[in-house]
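Each protein sequence line maps, in turn, to chains U, X and S.
Each residue of the first sequence is one higher than the last, beginning at 1153 in my numbering.
Each residue of the second sequence is one higher than the last, beginning at 49 in my numbering.
Each residue of the third sequence is one higher than the last, beginning at 16 in my numbering.
Don't take every hint at face value.
[Stated by the list, open to error] Okay, derived cross-link-like pairs now, DSSO-like style, lysine-lysine, Cα gap no bigger than 27 Å in a straight line:
#	chain 1	residue 1	chain 2	residue 2
1	S	LYS368	U	LYS1194
2	X	LYS159	X	LYS235
3	X	LYS190	U	LYS1292
4	U	LYS1495	U	LYS1456
5	U	LYS1495	S	LYS90
6	S	LYS18	X	LYS164
[Claimed, not checked] With beta-carbon atoms standing in for the labels, derived distance ranges:
#	chain 1	residue 1	chain 2	residue 2	range
7	U	LEU1325	S	ILE282	21 to 31 Å
8	U	PRO1523	S	THR86	25 to 35 Å
9	S	LEU39	U	SER1534	41 to 51 Å
10	X	LEU125	S	LEU39	35 to 45 Å
11	U	VAL1318	X	ASP119	55 to 65 Å
Think of the hints as simulated: they come from the structure by calculation, not from any bench.
No residue lacks a Cβ here, since even glycine has one placed at the ideal position from N, Cα and C.
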Amino acid sequence: MTWTIAQKEIVSNLVSYKFFVVLLLTIVLVLTSFFIMHRDFKNRLSDYQVIRPKPGDPIALLPPNPLSIMAKGLDEALARSYEISPIGITVRAGQKSGNIIFSLFPAPDFLYVVRVVLSLVALLFGFDQVSQEKEKGTLKLMLSNGLSRSKILLGKWIGNFLSLSVPFLLVTLLGVAFLSLDPDIHFSSEQTLRFFLILFLTLVYITFFLSLGILISTLTKRAASSIVILLFIWALLVFVIPNLGTLLARQIVNVPSVRALSEKRQQVWTREVLFSQGEGSKLADHLRTIGDENDRLDENYRGKFNRLVNLSKNINRLSPAASFVYAVTDIAGTGISEENSLKREVVRYKDSIIQDMISTVVSNSKIKEYPAFGYNYRSLSSVFAQGALFDSAWLIFFNILFFALSYFAFVKYDVR
Amino acid sequence: MPDQKPILKAEDLSKRYEDGVLALDHLNLEVRGGEVYCLLGANGAGKTTTINLFLNFIPPTTGTCYINGIDVTRDPLEAKKYVSFVSENVMLYGNFTARQNLDFFAKLGGKANLSKEAYYQVMRRVSLQEKAFEQRVKNFSKGMRQKLGISIAIIKDAPAILLDEPTSGLDPKAAEEFLEILAELKKEGKAILMSTHDIFRAKDIADRVGIMKEGRLVMERTREELQYEDLVKIYIDYMKSEPLTV
Amino acid sequence: MLKTIIKKELLDNVFSYRFPLFSLICVLLIPLGMYVNQVSYAKRLRDYSEQMRLAGEAVSALKIQDVMAGTVAIKGFRPPARLSVFTQGFESTLPRFYEFTQDGFRPGESSGGDESIFSVQGKVDFVFLVQMLLSLIGLLFASDVIAGEKESGTLRAMLSNSLPRDKILIGKIAGGYLALWLPFIIAFLIGIIILIVGSFPFFGGDTPARILSVFLSVSLFMLIYFTIGTMVSSSSAKARTSVVAILLVWASLQLIIPKLSDMVARIVYPVRTNTEVSLEKSLLARSIDTETAKELGRQLDLVFGAAGPKAPEDENSPEQKKWNSVKTRIQQSARERKARQFGAIEETYQQQKRRQQNLAVNLSLISPSAAFARFIADICGTGELERTKYIEAVRAHQNALDNELFSKVDRTVMIRPNGETMLAFHAFPVDLKNLPKFSIASASLQDAFKENWRSLISLAFWLIAPFAVAYVRFIKYDVR
Chain U
1153 MTWTIAQKEI
1163 VSNLVSYKFF
1173 VVLLLTIVLV
1183 LTSFFIMHRD
1193 FKNRLSDYQV
1203 IRPKPGDPIA
1213 LLPPNPLSIM
1223 AKGLDEALAR
1233 SYEISPIGIT
1243 VRAGQKSGNI
1253 IFSLFPAPDF
1263 LYVVRVVLSL
1273 VALLFGFDQV
1283 SQEKEKGTLK
1293 LMLSNGLSRS
1303 KILLGKWIGN
1313 FLSLSVPFLL
1323 VTLLGVAFLS
1333 LDPDIHFSSE
1343 QTLRFFLILF
1353 LTLVYITFFL
1363 SLGILISTLT
1373 KRAASSIVIL
1383 LFIWALLVFV
1393 IPNLGTLLAR
1403 QIVNVPSVRA
1413 LSEKRQQVWT
1423 REVLFSQGEG
1433 SKLADHLRTI
1443 GDENDRLDEN
1453 YRGKFNRLVN
1463 LSKNINRLSP
1473 AASFVYAVTD
1483 IAGTGISEEN
1493 SLKREVVRYK
1503 DSIIQDMIST
1513 VVSNSKIKEY
1523 PAFGYNYRSL
1533 SSVFAQGALF
1543 DSAWLIFFNI
1553 LFFALSYFAF
1563 VKYDVR
Chain X
49 MPDQKPILKA
59 EDLSKRYEDG
69 VLALDHLNLE
79 VRGGEVYCLL
89 GANGAGKTTT
99 INLFLNFIPP
109 TTGTCYINGI
119 DVTRDPLEAK
129 KYVSFVSENV
139 MLYGNFTARQ
149 NLDFFAKLGG
159 KANLSKEAYY
169 QVMRRVSLQE
179 KAFEQRVKNF
189 SKGMRQKLGI
199 SIAIIKDAPA
209 ILLDEPTSGL
219 DPKAAEEFLE
229 ILAELKKEGK
239 AILMSTHDIF
249 RAKDIADRVG
259 IMKEGRLVME
269 RTREELQYED
279 LVKIYIDYMK
289 SEPLTV
Chain S
16 MLKTIIKKEL
26 LDNVFSYRFP
36 LFSLICVLLI
46 PLGMYVNQVS
56 YAKRLRDYSE
66 QMRLAGEAVS
76 ALKIQDVMAG
86 TVAIKGFRPP
96 ARLSVFTQGF
106 ESTLPRFYEF
116 TQDGFRPGES
126 SGGDESIFSV
136 QGKVDFVFLV
146 QMLLSLIGLL
156 FASDVIAGEK
166 ESGTLRAMLS
176 NSLPRDKILI
186 GKIAGGYLAL
196 WLPFIIAFLI
206 GIIILIVGSF
216 PFFGGDTPAR
226 ILSVFLSVSL
236 FMLIYFTIGT
246 MVSSSSAKAR
256 TSVVAILLVW
266 ASLQLIIPKL
276 SDMVARIVYP
286 VRTNTEVSLE
296 KSLLARSIDT
306 ETAKELGRQL
316 DLVFGAAGPK
326 APEDENSPEQ
336 KKWNSVKTRI
346 QQSARERKAR
356 QFGAIEETYQ
366 QQKRRQQNLA
376 VNLSLISPSA
386 AFARFIADIC
396 GTGELERTKY
406 IEAVRAHQNA
416 LDNELFSKVD
426 RTVMIRPNGE
436 TMLAFHAFPV
446 DLKNLPKFSI
456 ASASLQDAFK
466 ENWRSLISLA
476 FWLIAPFAVA
486 YVRFIKYDVR
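For reference, chain U alone in the conformation it holds in the complex (with noise of 0.2 Å):
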């Protein structure tokens, strides 16, 4: 019976033509979306291809992620190219797309179409649902057939998940067939892996939208009053929360600008530096105090900056939009434990150089070559470890919780 009914919310779907035009809206902002950022990409990866560092240059510098096709995240954060001097790490932007009208609108990833236009089409869905039937009449009808309310919601549902995700996968993995046509784009076995983690989350978010907007949609009486309390819902979920988080940590935690104290002992460091020449141990002495008095003032403030991440991660999470959000950057490589990742690996890079390196300026040799910075991706189960596990099952518990809400809600259903 439960399947009857599915069927034929499948079949009212299809013939529906808000589902055509749902439909129509699903294919353009997807395929756009791959068609956009792949052009991103590849005119990062030629910018890439001109500024790599050339072996022996003490710089730190990533090519972009191809997973960022999908979120892009903070790849370009990623990207950003690190020197290293005898006196410490100077960051610089790294590669980019020329691509400056981002800056006026989001990067239209396929995250940001699922997380922004998704959920706001699987909550107008869901929401139609009970109150398009009562308002038919088509309600009544069917309870009045001794079918019990569980297996209509159910029912609805089922028919609801399949009319919206089918033809999303579908979409998705056309855009991504087309990518891999890309020579310069092969997807390893990790990164396929990744690609349908990713794809997993996000059904779970957008039927967690479905089931949300059933729920609403039980708990209001007119449909038309209701659309702006979806609406609102939807924005504070998708907008305001995962920012809110931001904004109360900052006013909690405070974090130092070490940015200016830095600038201020360079100046006088590179003086010293360039003056003092050949006066052998004490400068390699004054260079190793300076490069530990550095490494003092960036743990202090890493550790507070990483609190500061931390609490408003924690309080961000409140909506399940942000935690997905975590989630996905964080499987496909841009996110934020990521670049805290590349962040340690230079330092460890620096480590590892900086004896050579000042040795070599202070006995003014020839500049010397240094071994190349490799960077490996976290591995997925580190990147589990470190978060994203929290984040799917976090987003998967608001699931079922709004799932069995729903259920409930319209199991107390008032038809009249």
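Given the coordinates of chain U, assemble chains X and S onto it according to the supplied hints.
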């Protein structure tokens, strides 16, 4: 009365819709002041189309509608000054109270600056409960809405009143009250054209009755004539008879 | 009659569910958006002052030896845009400073930096909220301006009266829009109050005029979307279909067209990246420099003989004089060559970029959202205009520094035919205490309007055309 000019007049009125359906076929109709004309017929017979044509909601294919002698198609704004309309399902602004709705439509009908008491009087006249005057209309029953609808018509005080199935869905008491008001309005000299299914009530209230079938006015009877004929029998006979050939 | 309809429409909205809810959304989110950005602005301002101070100290401690060693790197900082409280625009992607050296200028880090990791959840500024939310709400509220009323039959009730249809339409649009505008005004004022309380420099220069412009632009933007929604409503028979259509309209105007336009422009007019051009220039510079050095070395030998110039150099010896004139000639022609070739590369590059940019801008104007975003970014000093002015100021400053500082020290590299590299210094007096200061001539409000005439036309179009369509549709609208 016979020498009075008709306030509502349909002259050779025809309407064919875009999909080819001939909804109205050379209708001729007159309603004078102080007269109630009931238009009877099955669903799709053309009753609502007639009313829509009078109100210029759709243009006629041929023929003309006159309200107070004014051609409705040529000068709709002027014509509409002389007619009030009560639809089958009176829908109003749910978030407004009864009085606020009345106030709005009174202004639209050209009656501005009426006092609250004036509105209350009209609503009392149609037997709307006192406590409903300042209540939001969205919770009104159908009967209450119809009463409010007629009070809107009353306050406009136009010489003609068009009603589309006004008593459908009303319980007998509410319908009775409604028709009493119509009778009063008739005595005040209004020309009333009303479409209805309700043969029984039509017999009571109508001065004249017209039966429509497939777009044509196939029969007209006055009140006197109906005393000697059984309207019900006539109606059902006509419904059961051969379909009219075009 | 018109006033009656406007009043009815306004009150109908106010008494409904939507008004208090929308007011709540507005009053919560708009001031929040402004507050969040103000906090960020205050921080960036503090950082900026601190760094200016430090850089000033560094400059005042400059010695001529630094200049001779070629290690001078003077920083020019860009103050954060005051009105970035309304829209970030390009603010977080513009470099915080540029470094000016002997060899040219280099961009420093952008103000993104560490803070950028918070952007992973997207940024929420005032203009973003307006574009995403208010546009959608405006569309949705308007979606049953006509279609909804029809369903409830009130349209018929109105039309049975002596009331022309155009008055009804105008009244509905005016009344419905007012129900949106009033909460917005209140929310905006609350936001302004919060800004003033947070010691935002509200009263200074043309800031009030700009803020007024922002307010008016947003009001226009909302009216545009409301009118578009009305147009959709007048084209549908049911409120439900118009909601769906509206979602499609919103997504296209908001998401698809702005991005697509940029992409299409890049495909039609591909341009090399800045990095490639800089690389080409620096390779060119290096090769010219090497040639010049070799030429100088050769000439040096010719003038002074294989032994080279005797030190200390006799300023007045005929060899020295001859050498000076030869050196000047060679260096001059090298400079000219560099300038010419650099100029050519730069010119082509700028031309290509301009063409691409123009196409992208023109295409994106198809969407009122994009037109609005550009226009408002320029009003707030975080848009394209600001970027242009910044780079102009940078170029001008590099020129000024070249004249006042870098050219005063003559570092001549000579590669003699025997392979030996020689370095000669000659320093002219430099007033290190009075070096030119870096400043950006911000675009005025009039400039912002002038530059954005295309955006303004697009917005005007999007106001008038949908209204015209709604008008025509509504006149014929079937009310049965």
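Quiz prompt | Agreement of LYS159/X and LYS235/X with the hint, judged by alpha carbon distance not exceeding 27 Å | solution = Judged against 27 Å, a Cα distance of about 22 Å means the pair holds.
Self-check item: Status of the given 41 to 51 Å range, CB of SER1534/U versus CB of LEU39/S
Solution: holds, 43 Å
Practice problem: Return holds or violated for the Cβ distance of PRO1523/U and THR86/S against the range 25 to 35 Å. | Solution: holds, 27 Å
Practice problem: Given the hint that LYS1495/U pairs with LYS90/S, test it: the Cα-Cα distance must not exceed 27 Å. | Solution: holds, 26 Å
Quiz item: Taking only the CA atoms, is the gap from LYS18/S to LYS164/X under or equal to 27 Å?
Solution: Satisfied, since the Cα-Cα distance of roughly 20 Å is no more than 27 Å.
Quiz item: Are LYS190/X and LYS1292/U close enough, with their CA atoms no more than 27 Å apart?
Solution: Given pair LYS190/X, LYS1292/U holds - Cα atoms ~21 Å apart, limit 27 Å.
Practice problem: Could you check the hint for me, namely that VAL1318/U and ASP119/X are 55 to 65 Å apart, CB to CB? | Solution: holds, 58 Å
Quiz item: Is 21 to 31 Å a correct range for the gap between the Cβ atoms of LEU1325/U and ILE282/S?
Solution: holds, 25 Å
Quiz item: Using the C-beta atoms of LEU125/X and LEU39/S, is the stated range 35 to 45 Å upheld?
Solution: Holds - the Cβ-Cβ distance for LEU125/X and LEU39/S, about 42 Å, lies within 35 to 45 Å.
Quiz item: Given the proposed pairing of LYS1495/U with LYS1456/U, does the C-alpha separation stay at or below 27 Å?
Solution: holds, 15 Å
Quiz item: Taken at face value, is the distance from the CA of LYS1194/U to the CA of LYS368/S at most 27 Å?
Solution: It holds: about 18 Å lies between the C-alpha atoms, which stays within 27 Å.
When the structure is compared with the earlier hints, no violation turns up for any of them.
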